[in-house]
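2 protein chains.
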Amino acid sequence: MTKNPPAIFRPRGRVSVVALACLAALATHAQADEGMWMPSQLPQIAAQLREAGYAGDPAALADLTSAPLNAVVRAGGGTGAFVSADGLVLTNHHVAFGVIQYNSTPGRNLIDNGFIAGDRAGELPANPDFRVLVTVGFDRVTDQVLGAARGKSGRAYYDAVDVASKRIVSECEREAGVRCSVANMYYGTDFYRVRQLELRDLRLVYAPPRSIGNFGDETDNFMWPRHTGDFTLLRAYVGADGKPAAFSPDNVPYQPPSHLQVASDGPQEGSFAMLAGYPGITYRHRTAAEFAEQVEWTLPTRVEVFDSLIGVIEQAGRENAQARTLYASQLQSLKNNRKRAAGELEGLRRSDAVQLRGADERDMLQHNARGDRRELDALAGVLAQASAVRERDLLLGLMMSQSQLLRSALTLERLRIEAAKPDETREAGYQARDLALIEGTLKQVQRRYDRAVEKAVLTALLGRYQRLPDAQRLPEFDAAFGRTPATLAAALDTLYAGTTLGDEAVRLAALATAREGRALPVDPLLALAAKLVPAQVRLEDERKAREGELLRQRPLYMDVLAAWRAHQGRPLYPDANGTLRVSYGRLESLQPRDAVTYAPVTTVQGITQKNTGQVPFDAPRPLLDAIARGDFGATADAALGTQTVNFLTNLDTTGGNSGSPVLNARGELIGLNFDSNWEAVSASWWFDPRYKRAVHVDMRYMRWLMEKVYPAPHVLREMGL
Amino acid sequence: MTKNPPAIFRPRGRVSVVALACLAALATHAQADEGMWMPSQLPQIAAQLREAGYAGDPAALADLTSAPLNAVVRAGGGTGAFVSADGLVLTNHHVAFGVIQYNSTPGRNLIDNGFIAGDRAGELPANPDFRVLVTVGFDRVTDQVLGAARGKSGRAYYDAVDVASKRIVSECEREAGVRCSVANMYYGTDFYRVRQLELRDLRLVYAPPRSIGNFGDETDNFMWPRHTGDFTLLRAYVGADGKPAAFSPDNVPYQPPSHLQVASDGPQEGSFAMLAGYPGITYRHRTAAEFAEQVEWTLPTRVEVFDSLIGVIEQAGRENAQARTLYASQLQSLKNNRKRAAGELEGLRRSDAVQLRGADERDMLQHNARGDRRELDALAGVLAQASAVRERDLLLGLMMSQSQLLRSALTLERLRIEAAKPDETREAGYQARDLALIEGTLKQVQRRYDRAVEKAVLTALLGRYQRLPDAQRLPEFDAAFGRTPATLAAALDTLYAGTTLGDEAVRLAALATAREGRALPVDPLLALAAKLVPAQVRLEDERKAREGELLRQRPLYMDVLAAWRAHQGRPLYPDANGTLRVSYGRLESLQPRDAVTYAPVTTVQGITQKNTGQVPFDAPRPLLDAIARGDFGATADAALGTQTVNFLTNLDTTGGNSGSPVLNARGELIGLNFDSNWEAVSASWWFDPRYKRAVHVDMRYMRWLMEKVYPAPHVLREMGL
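These protein sequences, in sequence, are chains V and A.
When the letters of the first sequence are read in order and numbered with our numbering, they come out as residues 1 to 721.
When the letters of the second sequence are read in order and numbered with our numbering, they come out as residues 1 to 721.
The hints are simulated quantities; they were obtained by calculation from the structure and are not laboratory data.
Hints are all accurate, no fakes.
If you only want the chain A side, here are some residues facing chain V, beta carbon under 10 Å, derived: (1) R226; (2) T608; (3) V645; (4) L648.
Okay, derived cross-link-like pairs now, DSSO-like style, lysine-lysine, Cα gap no bigger than 30 Å in a straight line: (5) K335(V) / K335(A); (6) K335(A) / K443(A); (7) K339(V) / K339(A).
Take a look, some chain V residues computed to stay more than 10 Å from chain A by CB distance: (8) A59; (9) D250; (10) R407; (11) G667.
For each residue, glycine too, the CB sits at the ideal point set by N, CA and C.
The following block holds chain V by itself, in its conformation from the complex (with noise of 0.2 Å):
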């Protein structure tokens, strides 16, 4: 099996003329806005870059750590991009918000008011664990990865791929002020190291009210038509030596390789974009069985279950108030989850991805002349090892997630048993950096716990368990719970009776033990965990040998699609994993459902219709008397004769995105992607063109607000504008 990435983009075999016409018809049409495009890939798609409309060079865009490319940055949990040469980052309000929150007192509440930096002094140092990532080198390290690996196969495949990644990270961490990973890419193909300058001092130049950053709140997300002003600008700070510091007034600002300049004008509907930014994850190379199963089983299952377990939560809120207000926060998580889940469901079957994907590896496999298909079906019988176990695996999966006291008895009983080990094999959530964490959870317990809601919540989840057929169920389960609802209604009753770990000083004295691998004390929940947690751990390394073979036998699935994609004349790009990658496309209109077409630029007459003036449409004075008035000066679009807000294109998304910043075809800076639309929760799985569709800042927007609403003239200037 071929391990050289350009395999991936090289079309193989004969073609006629006529399927290579046909097919460059398809790359350039119908699949043109699908990709999110390694930078090396796009001298590849060089031709279709330029017919979508991009003006500069694609050569230019195809390394990640020259610029434009690297004035793209990790910010906190999203994207940023570097706007000036004294180290501004452009962000999303709502990636921000944590530095916002920071710096707010009650008798200074920059959330409600916003905030501007009348100069630098005048900036505010951001929470001090966020960060920012430059990404100073990008390398190919496939072979030291894999090197141990070959030969080997599901565990000791594993171990050793896990064993090479971590020296390389250790390695490459020694240089001081950086932060390095390894990325996967085409799931275990190839392998690349990541080497990231971590800026540590970060501050606050300018953020607008909640009202304006957050304008329509949980209401208007994943909405569009959408009128929210959702950016923030930080500054990047380092030593006197040009290094990454922690905080200190005698920090100089960043200068940055390089960073973008926010374009005079702005696009309307067909121009072209182009966004950079780090999507965190997406599974559109998955196998068909895994597209039937996610669609067939997954999602309807997820959404079976939160049902059931809203439903328990929310009828022990009716009969008890106190309960209601503990469990807000965890039924308005599992609501959201719910939704995000049937969301996905029904785009999966709008789009019919299922059908889509099957017909095209059906496709795939015939053309695949290399008669490896026993391998492929190698690949098949370890996803049906785990789909055997699936049920039971998110049963109890959502057993830790879904309780306190329990969860609390089962992390405690791991820590003791981890504890025991040196710092560095520990089972990852164990290790010492992650015990201010577990201190943290088992301390939160006391606002997140009822005795009878966790009981009817574990009822729920065991009593669906020990429906399974034998097969999925555990001894030590069963051993614990019985097999009947009489027999684990009576063992939740005897160990919530005589838990004690219902009270923090408890939790918290057996953390003092577990942390140093003693003994824990006698309670009847951790003498529980004393015996599930064998059988977890069991269930862990089962796991990972599966991932083992699968990290062994995707690449063959992998390199089989790439040929039937280059046969097609679509290169392909892998699936997202949190690195640095490019899409292009343009600003589309969206025709959500019969007879109904959303625009793709909004204007700001959408915020006085919108506004109520109660949150989260309450609109700030200034904003609505500014709109009345009409000044919009240079930052008008012309067309609409008015002030645009939001814009929205088909470049390809996914979470990880939020703060990329979006470019017009001369690689300025038009958008800060915040949001995509509610038909495209399941472009994670599936790009549909019909619907996907990412969702901007218009930067004339932002300049409007620094120019005439918030001024901020000095720091326009910084930005050139």
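Add chain A to chain V, keeping to what the hints say.
The following block gives chain A in isolation, referenced to the frame of chain V:
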């Protein structure tokens, strides 16, 4: 003051050529779509009608007792139209819903399954109170109505109009099978005697299942895009002598004087459309002061008071599951009323109606050369009298409509008083023909009353009443409830602890004595009613005196307004009053808000998109299968390449227009009106061409359903299809 109706349309005064050109433009563009025209007005707007695209002779539309308008009938609470020579009546599913329900049994659920009569013998008799009214006479009787009133004022004017109207009706109804009424045009300017044939034997011929006829139900009510097959076919029968008769198996199909022909093709965006029907009530020609009061006081106050009652009832429901059930319907109704009021307020504000009507009236008064400003001021004075007691009247009205026992007591006491008079002189609502309704209301108290909730509702309403200024309060109410929350609470405690009206037998026994004018049983609530009813009667007398003055004075305002409109080149239609009207316009898209456009035609693809399998989006399997087959044939829209469902026009409609036929330029039937859009809720006061739309069933959808989904070829044949 001129009473000659043509004055309403005749331009007066000298107008510059420029102004005339400008006004002509106004008339054909900005205002072309507003107007619920009396058929007699259509020849006067013939030029506009032709310019809009009407291909027929406007003069042929002038007489509502001739073809084609005599094919348009009142049906139940809405409108219908004859569509065959043998008396087939097409109306909405929701207008004929009572007929369908009346014929449904658990074993034969016509609501869920729909109904197709295999032949005439299979047609099912409607509920005996369902009526179809065919207008056979429409004659001006202004002189007869106003003859005795002239020279009088106030209550005497009111009584003179009332007596004359009742005499006209009673003389007219001497003819068997005819129902008569007197219609008041232009607010007392003109009166018409309406003679209508009262068809009493209606039979169900064709109804789609509820999941087509009411697809979307409350969720889609007032919404566009829409996908509802809201139509039903009935047949009118008469006695063998051709005269209206109650149901009899010997009756024969009614032969209408004319019927409409369904078009063989369908409309598209921009197509001319025209609609005839019986709109109920509009307020377009009210004074600027009345507009201001509606927006600044009436609607906000209604929202506020409804909110407070909703809060009271919901709070009670949280504490008491039985109360929640008993008040579910009242709560739903309050919420609907609240939503309507808030929607109307939002719409009037969005349209800036107060400002625009105010400016219009100022211009009108400036243009008015008649020097009768003092008389117009007198009208304003009468309106101000009503405004001075508006909050009291709102609260006392709600005290009646939102209570159960107190309303029962007040009704019984009033009936006792009225029953002592000869039947024809009793107050409307307390005559012999009203007794069944009163008895029904007294009976249903059992299913709608909870003591604690009624007391809480009255505490909210009367507590607010207690805070009114002295001038609005009534000595009888102050004596009964005191002036403080404490006295009110004590009074309600005593009244509801002591009353036995919660017992149905007691209420019905009281009805038996009240209907004979005899003394009522001893009961604290009845004793209270004996004190309060005289105050209610006094307020009613004051209201009638004011209404008499309004009847006397509004015609002057209307005359000045008509002169102003004539000067503008805009004929004036009378506000809707339940008489036959015609409006014309075209299929038009809607931009309800920033960046959103709704196309004016929906397709069956929208049904598939909306379908969830759950009520109200549970499209029936035969429909979904037929859509999936795509077998649309001649009923498909050529341009869209699929089957249309509903369409949207800018026609001027209001409640009562349900079931109105929509005609094309050739006068053929292309649609059936059934709803309007949410943005148009405020159109009863102000027609805003940006937002006012009407929603229709596309006759191609009806034909397709009857051809291919639930076939009824014999009915289609009868309709000439």
